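Asks: Here the structure of chain C is known, so what remains is to put chain S in place on it, guided by the hints.
There are 2 protein chains.
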Amino acid sequence: MAQSLLVVGSIAFDSIRTPYGEAPEVLGGSAVYFSVAAAFFVPVRLVGVIGEDFPPAYRRVLESRRIDTAGLQVVAGGKTFRWRGSYHGAMNEARTEDVQLNVFGDFRPAIPEAWRDSRLVFLANGSPVTQGAVLDQVRKPDLVVADTMNLWIDTEREALLELLRRVDGLVLNDGEARMLSGEHNLIAAAHKIVGLGPTFVVIKKGEHGSLLVSRGGPPVGVLPPDLICPLPGYPSLKVFDPTGAGDSFAGGMMGYLASAGKYEFRDLVRAMAHGTVTASFTIEDFSVRRLERLTLGEIDERLRLYRGMLEF
Amino acid sequence: MAQSLLVVGSIAFDSIRTPYGEAPEVLGGSAVYFSVAAAFFVPVRLVGVIGEDFPPAYRRVLESRRIDTAGLQVVAGGKTFRWRGSYHGAMNEARTEDVQLNVFGDFRPAIPEAWRDSRLVFLANGSPVTQGAVLDQVRKPDLVVADTMNLWIDTEREALLELLRRVDGLVLNDGEARMLSGEHNLIAAAHKIVGLGPTFVVIKKGEHGSLLVSRGGPPVGVLPPDLICPLPGYPSLKVFDPTGAGDSFAGGMMGYLASAGKYEFRDLVRAMAHGTVTASFTIEDFSVRRLERLTLGEIDERLRLYRGMLEF
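As given, the protein sequences belong to chains C and S, one line each in that order.
For the first sequence, numbering that gives the first Met the number 0 gives the first residue as 0, with consecutive numbering after it.
For the second sequence, numbering that gives the first Met the number 0 gives the first residue as 0, with consecutive numbering after it.
Hints in this document: simulated from the structure, not taken from any laboratory.
From a predicted model like this one, the values you see are computed outputs, not experimental measurements.
Think about it this way: if two alpha-carbon atoms lie no more than 27 Å apart in a straight line, the pair counts; the simulated DSSO-like pairs of lysine-lysine are:
| hint | chain 1 | residue 1 | chain 2 | residue 2 |
| --- | --- | --- | --- | --- |
| 1 | S | LYS261 | S | LYS191 |
| 2 | C | LYS204 | S | LYS237 |
| 3 | C | LYS261 | C | LYS139 |
| 4 | C | LYS237 | S | LYS204 |
| 5 | S | LYS237 | S | LYS204 |
| 6 | S | LYS204 | S | LYS261 |
| 7 | S | LYS139 | S | LYS191 |
| 8 | S | LYS191 | C | LYS237 |
| 9 | C | LYS261 | C | LYS191 |
| 10 | S | LYS237 | C | LYS191 |
| 11 | S | LYS204 | C | LYS191 |
| 12 | S | LYS139 | S | LYS261 |
| 13 | C | LYS204 | S | LYS191 |
| 14 | C | LYS204 | C | LYS237 |
| 15 | S | LYS204 | C | LYS204 |
| 16 | C | LYS204 | C | LYS261 |
| 17 | S | LYS204 | S | LYS191 |
| 18 | C | LYS191 | C | LYS204 |
| 19 | C | LYS139 | C | LYS191 |
Covered stretches of chain S, going by a simulated chain C footprint (3 or more residues, C-beta under 8 Å):
| hint | region |
| --- | --- |
| 20 | 81–93 |
| 21 | 184–194 |
| 22 | 197–210 |
| 23 | 226–237 |
| 24 | 265–279 |
From the three backbone atoms N, C-alpha and C, an ideal C-beta is built for every residue, glycine too.
With the rest of the complex left out, here is chain C (with noise of 0.2 Å):
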């Protein structure tokens, strides 16, 4: 039975370019590409900050989906959070030229209290304080993952590794992964992870794929204790902007696992597999333009191939 997924994260206008092309100020920031790629599965309700100088337009982009905007905090004559980034060469990284926090700075996110009970919590990437006072918000979900990245790792570790020992599921890239663990072997950063707290990580490789580790497996010749996946990323020809990526990707995995409602380790994998499927649309235009044309039967019939390639 689908269950409730609350999301809070930040809501950005971006600025890119890549060799394909560029765009200015558009939707972005990880609680929307997460929502816009959730809402495929299941109704989403979005926490976030935005200023008054988000466009009426940028609002309908949400609430023409699944996603719930009663959690939208709107800061009278604020700005709302702005990044600038390029994508160079084979596209692995992004080279971020100028970020402006404006009202997501001073973000206290405010759970409404109808959505206090929600059944799954994603925690975008942000301050591990900020996501913590999120998690003091909402009655025992039934699984909260959380997203990080290097500069929390580098600058809150403690509130960070406060933070794990409170949720389910790690979400965050090969980079961040070693960086947390001290460990160059994935595999074993990713049991190192899964000893700090969380039941499962979940390393995003970019166009290498995903790695799935989940604790309490049974030992497997020369592998830890774990339960472990590896998915390679669904072959994309050309990526004309992998921004958002990763937060759809994650937002596919939560959104199949509300619509499903279980959380065992063959869900996460199934899960995973949508996430990949999902961002493997996201990086095909600027923004949540991809999206917003897709339909549920693209990702079905993609995730049919991609299965399909994976049989042997």
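Replies: Coordinates of chain S only, in the frame set by chain C:
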């Protein structure tokens, strides 16, 4: 029905240093790793060159398996090819510290008359001119697959392009595929490479797995009209020594294909899975030591786990 498999390539003494230890003058070389891996699945016909310094113990490693050494050329008074290298940090790339080509520098492969009808031929990494000279000596094999490296792409591009028109498949790593094609995106790179002659290309991505692209599929969404399959790497907790991973991947792949006697796309995918799993053992110890004590039962068990990981 199992088919005959011929491999031509280097036989070497490797001196290796990794964060886990050192191994001086151990048995190595592309044809050795390939043969020991492939011999789990079919008998192997090995053509290579060694010096008089090649010890009986190393010869026994080959001859105690299903590896026919009738094609070994022993150069009187000559010294065997030597390579010295080390791995650091994430161990993704070898740092070459010394190369002494010795007898391999003048290697002119001579295919024994009885082997000229081999049904499958693997041209391990070597000069494309030498690889072509092998093809001049064999009679209409069913499947010819070549490996190559940055050195030949850089210095013998014309000879390599000529060779590519004579092979069915090419195996190379991601950096080499980008170099050969001039494309950053690996799908685009693979698509260009199959345009150069081979029916299929397998791009090896180290810990990130491998990518198979074969000509002649139907148009699929935004992908080119190729058949495409990405496989993740088998998760490894400890990469003890990555030397030979690529060659034993190719050995497992070609050995499986020779044992199956079928070369359709799904056979190639299954072959890649066999290569992935075989290579995952190679990296657990120096040289071919882990393969020496490996059983087909262990390969089958790991294949079963790998297949299970990818079901969703």
